[in-house]
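Protein chains: 4
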Amino acid sequence: MSGNTIGKLFSVTSFGESHGPAIGCIVDGCPPGLELAAGDLQHDLDRRKPGTSRHTTQRREADEVEILSGVFEGKTTGTPIGLIIRNTDQRSKDYSGIMDRFRPGHADYTYNQKYGFRDYRGGGRSSARETAMRVAAGGIAKKYLRERYGIRIRGYLAQLGPIKAEKLDWDQVEKNPFFCPDADKVAELESYMDALRKEGNSIGARINVAASGMPAGLGEPIFDRLDAELAHALMSIHAVKGVELGAGFHCVEQKGTEHRDEMTPDGFLTNQAGGVLGGISSGQDLLASIALKPTSSLRLPGKTVNRDGDPVEVVTEGRHDPCVGIRATPIAEAMVAIVVMDHVLRHRGQNMDVDSGLTDLGSNC
Amino acid sequence: MSGNTIGKLFSVTSFGESHGPAIGCIVDGCPPGLELAAGDLQHDLDRRKPGTSRHTTQRREADEVEILSGVFEGKTTGTPIGLIIRNTDQRSKDYSGIMDRFRPGHADYTYNQKYGFRDYRGGGRSSARETAMRVAAGGIAKKYLRERYGIRIRGYLAQLGPIKAEKLDWDQVEKNPFFCPDADKVAELESYMDALRKEGNSIGARINVAASGMPAGLGEPIFDRLDAELAHALMSIHAVKGVELGAGFHCVEQKGTEHRDEMTPDGFLTNQAGGVLGGISSGQDLLASIALKPTSSLRLPGKTVNRDGDPVEVVTEGRHDPCVGIRATPIAEAMVAIVVMDHVLRHRGQNMDVDSGLTDLGSNC
Amino acid sequence: MSGNTIGKLFSVTSFGESHGPAIGCIVDGCPPGLELAAGDLQHDLDRRKPGTSRHTTQRREADEVEILSGVFEGKTTGTPIGLIIRNTDQRSKDYSGIMDRFRPGHADYTYNQKYGFRDYRGGGRSSARETAMRVAAGGIAKKYLRERYGIRIRGYLAQLGPIKAEKLDWDQVEKNPFFCPDADKVAELESYMDALRKEGNSIGARINVAASGMPAGLGEPIFDRLDAELAHALMSIHAVKGVELGAGFHCVEQKGTEHRDEMTPDGFLTNQAGGVLGGISSGQDLLASIALKPTSSLRLPGKTVNRDGDPVEVVTEGRHDPCVGIRATPIAEAMVAIVVMDHVLRHRGQNMDVDSGLTDLGSNC
Amino acid sequence: MSGNTIGKLFSVTSFGESHGPAIGCIVDGCPPGLELAAGDLQHDLDRRKPGTSRHTTQRREADEVEILSGVFEGKTTGTPIGLIIRNTDQRSKDYSGIMDRFRPGHADYTYNQKYGFRDYRGGGRSSARETAMRVAAGGIAKKYLRERYGIRIRGYLAQLGPIKAEKLDWDQVEKNPFFCPDADKVAELESYMDALRKEGNSIGARINVAASGMPAGLGEPIFDRLDAELAHALMSIHAVKGVELGAGFHCVEQKGTEHRDEMTPDGFLTNQAGGVLGGISSGQDLLASIALKPTSSLRLPGKTVNRDGDPVEVVTEGRHDPCVGIRATPIAEAMVAIVVMDHVLRHRGQNMDVDSGLTDLGSNC
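Protein chains in written order, with full-length UniProt numbering: chain A, 1 to 365; chain B, 1 to 365; chain C, 1 to 365; chain D, 1 to 365.
Simulated from the structure, these hints should not be mistaken for laboratory data.
Warning: the hint list may mix true and false statements.
Copies of one chain are not kept apart here, so a pair can be met inside one copy or by any two copies together.
Below, simulated DSS-like cross-link-like pairs (lysine-lysine); rule was C-alpha separation at most 25 Å, straight line [as the list claims (entries may be wrong)]:
hint, residue 1, residue 2
1, Lys255, Lys303
2, Lys255, Lys198
3, Lys75, Lys175
4, Lys198, Lys303
5, Lys198, Lys167
6, Lys143, Lys175
7, Lys164, Lys175
8, Lys143, Lys164
9, Lys143, Lys167
Excised from the complex, chain A in its bound form:
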């Protein structure tokens, strides 16, 4: 495949640009019999969509997804599910200032070098607008995993610039526009973002995702390990510069006795591994964390070159997120869901007869 497909048995292929007529995707491999309607996907789309608070881009998109195939009488048929969202609020004229110059830190330059030219309107294919389809596709995976296996995939903002969530209260996550699980930090986030917007700058963020209710056994070593495919999927999200599982980079300074998760008949005692050992799920919660860089589309001028190679300054007008991390929580959840779903199907194919002789220990931790 040429780069726009992810997954082997449960696969998602996407298309669409920021300012084209529509974005869409094909979800292939969803098992038959899952109850599914567009409404089931809308909740996560609404969590991701722009313009829901003053802290994200003011582009207004309803992001209403249409299911074009693969569902009959309210149930998936096992055939590919075509999804589409029409683009409605495009202001292409905003982009005339950057059509022949490259924003530093943006894909403008690399698209030009790879393809010879680029759709400069809203970043074209490099726009995070494309992630709406990931959220829709991931919504199907989430629903199947929850209903069939009790697997639950949830994310939250762990850090935004200098502000770290210090409590993990899942009930708080959906109660503020930041997906912050620590209610005590919300006011601080509000004022930080207001100041940043005024300044015309942007900021990075860290998002954590957890999957609970995981069965043991998912993941195909050597190359298609569960953690390796999660890293692939999460790093494929716009602006992500780092991915961790479990202890992540902390393990550099850990000793073996600290890092290894001891086991008892009642379950694992800790979860440094983040739910994956040897590339295979252990049944513990899957714990992933990602770093998102600050947006490169800024009102503050920066040095760059134009298509002729001359030195110029660039200022981005248009409408942009000062922190792309804010809207990334549902996207990261979706990518985890897609990978886990694919591995559920792959694992069943090869291992359906296996009896390990041992009860799954993972759910105890």
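On the provided structure of chain A, position chains B, C and D as indicated by the hints.
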């Protein structure tokens, strides 16, 4: 594919267990005409092989690779290259103590739960012994990239437990058993490792890899981004728990004006991006960093369960690396080489006629 | 992938049912810079579409394709091309008679056994309606191959029931509703089809496809041979039961001296091979032939069972093609184009530096 | 993948040339727990190996396969199975006559044009020697399918030149060197082949393969149909120029009432479909047929060109099969087994929860 293949046009499929008769791989898609002999691969294999200093496992393997196909009259033919290394120094009896109990932090448990049973000798397929084939395969990619494009891929130990390299002197990297680029830290590393070995414990590490001479344009958005596939490849290495590109997790606290790499006609001014923008190489050096956890096979007893689910203690005899990160440098280089090579071929296929009209700026930084 | 994608570097993923809201596909991997508009694809869509003569189904579909992405300022950008065709003329009530019984010779039964239930309206996903998207996707490949390489892909009806074309006059192919290259047979075809329609029966056909202007060197042995992937692509067309290259089944009775195509400095003397030797194109014309079975949806009653397993009779009302082979010519061309296109890109990726030292002989024959 | 891998969940990747040190393959995705030893694969390897009668090449190869991984204590572990066969009887000097000229009808020319040069010894990678590994890999699939599902895959010689088998007596197939199911034709085959060998010519053949005990539901429409992937796999065998399922090319002259297989509660009444409807297995016997061209390596001189493009004559000394079809029966069985195996695993992954509510009708016919 079922998990043991990586790459689309340049692909590597591997097989083999720690204590089976041999390990091997098939490298498919190497262009014809590359001069290649087993000796070309031996240097990197020797860098990775066990027993070269007192700080790694004392297993003795010559790790001599045999080329079984794909080379004729000293040149690659374009057909698959079969590679094999016979295992010679196996002491399976060392493993009788763990055949029916699971080392905490090890793949013992997850292999059991996935497959119903496992080859417990030396970790079987989950052993890092398999990475010898990655090094051999990566050696082919490295040679092609260097000779055809001048791309050079090199790694080093950036941190081991609390000890950080503070200088990057490439000339030092091969002069000590740690791949440490800071000569001033070698004595400290020696004594730290000696103490650790005495204690019976293990430690984590961080490895950095850089690719210089990169052309702009490699990588296929959306899902097959260069950074996403690097994350996949690097996270697929045993014990890796985190992957970063460029600024990595530092970007969480960066502002847009700090992170964006400004451009001039003479090149980029900084390299926070690590050489990838929008999933496509910018021509700047590719900079990746990985975290490796401490080995879970320890002489210090740990709590676990046996195959009957009873609580037991486990102690690992056998021969193990107290820091798997030490030997990981050539492995990480190999994985980067495989991914870059695959993307060179893929890019040429789709974009060979492209003229971007702009000179590559990347090589200036 | 889960079955709805074909191709590795130039890939097509399709979705859609006969009576759903729309059918569509994503074409991934088209090189940037190709001039493309919906109108470029319409000619082949019109050649395939239903209702253009009394000899095909009377369903009326405009089959107007919309390009949703991947084209900017009239040129492909190198990003995925989303294509969609809305379904308009659906008469789902026609299918109530077969909703709980299985047409013999149809996919009704196998879809039920595979998925547990099925979208019975117009055959759902098993309907040849899906092939409209193949024609659209193939149109992109055809245009690129023709403009960039001078490769031309054309098909014709070689036989319909007992009536064989005895002349190959390419100028005649588009002048009759059968794609018959032998003008002397058209009247016979007309009356045969009129009688068949009156009878309520259906008939098989043979379609030939030729690609001229082929370069030598396309195809990846061992498994991804050009002929093997052509066989895959052509057998994936609804109703196809056989595929031949060159001499095809005639070779069973040929001696080596008859079959081998001798070569001279002016080219090959014959083309028994059909343009492929060892899985790689020889530069001669690619010659493929397929057999299409008679439609199984008949007004003549047949024995079958219903969903309860009881014996019943089935009669298909609805609107069906009495010879699916008639509309199959553009579909077969499209599939050949998709495979050749994919192999052009794959070949370039791996072999762009190759100089064989010998001029291509193929074009002389 | 670059051409030497087939299958998605059960995949086979092969390497090796006719006159290199060894041929081999990696079988990835075999479920754990299958009892397996090299001896299990030897029977089919012996059926394929050269030199077993005077009617095949007199090259002597023991074709003893070694299992290098993936089996522990006599059972598959779920990890990749590495297989290798050392080449022993190579006479490279026989090939000096063709090193700089191209045998007409052979891959010599196309390999030269694709790769720039070629391993001319025994045809290098284009030699049918490579098919030994397919037989070994297929043997694993056959064993799993037979033991786990009762699926049995068997082939026979249906025609050799003008001589057709008129009876299908499975008990006869293994009792003569031709795999001919009609004992009355064996003497005729013997004398025909003796005359052909004396003449220095070669002849084509037709091989049929049947799979019995098939479950309904295997195959993934649209592109990964069971019949399409069978066509791919069978056309990938050296010398194959045509593939048919069920009625095959006979369907061109069939009416719908003849071709459709009517159904009763006791099963299908006929099997024109060859066991596949809509790309999905019906549970009836799978019936495939292939045409193999006559060998192009002949002692009779033929016109060709050399690497300089000059006209020359070519005569092939060396040792060759006068009818490659004779040894093709186990190869064709192996390819069918690999495809069916892959689809069993894929089907289980996506559809394991499906209850169609209807007993499988296929086994009754």
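Outcome of the hint check:
For the identical chains of this complex, Lys255 and Lys303 are inter-copy neighbours only, at 16 Å across copies versus 45 Å inside a copy, given an alpha-carbon limit of 25 Å. For the homomeric pair Lys255 and Lys198, the shortest alpha-carbon distance between copies (14 Å) is at most 25 Å, but the shortest distance inside one copy (45 Å) is not. In this assembly of identical chains, the alpha carbons of Lys75 and Lys175 never lie at most 25 Å apart, being 32 Å within a copy and 45 Å across copies at closest. Proximity of Lys198 to Lys303 under the C-alpha cut-off of 25 Å is restricted to the intra-copy arrangement: shortest distance 21 Å within a copy versus 55 Å between copies.
Taking CA atoms no more than 25 Å apart as the test, Lys198 paired with Lys167 passes in neither setting, with 29 Å inside one copy and 39 Å between copies. Taking the shortest alpha-carbon separations for Lys143 and Lys175, only the intra-copy value of 22 Å comes in at or below 25 Å, while the best inter-copy value is 53 Å. In this assembly of identical chains, the alpha carbons of Lys164 and Lys175 lie at most 25 Å apart only when taken from the same copy (17 Å versus 42 Å across copies). Neither within a single protomer nor between protomers do Lys143 and Lys164 lie at most 25 Å apart by alpha-carbon distance, with minima of 30 Å and 45 Å respectively.
Taking CA atoms no more than 25 Å apart as the test, Lys143 paired with Lys167 passes in neither setting, with 27 Å inside one copy and 50 Å between copies.
Hints 3, 5, 8, 9 from the list above are not met by this structure, while the remaining hints are.
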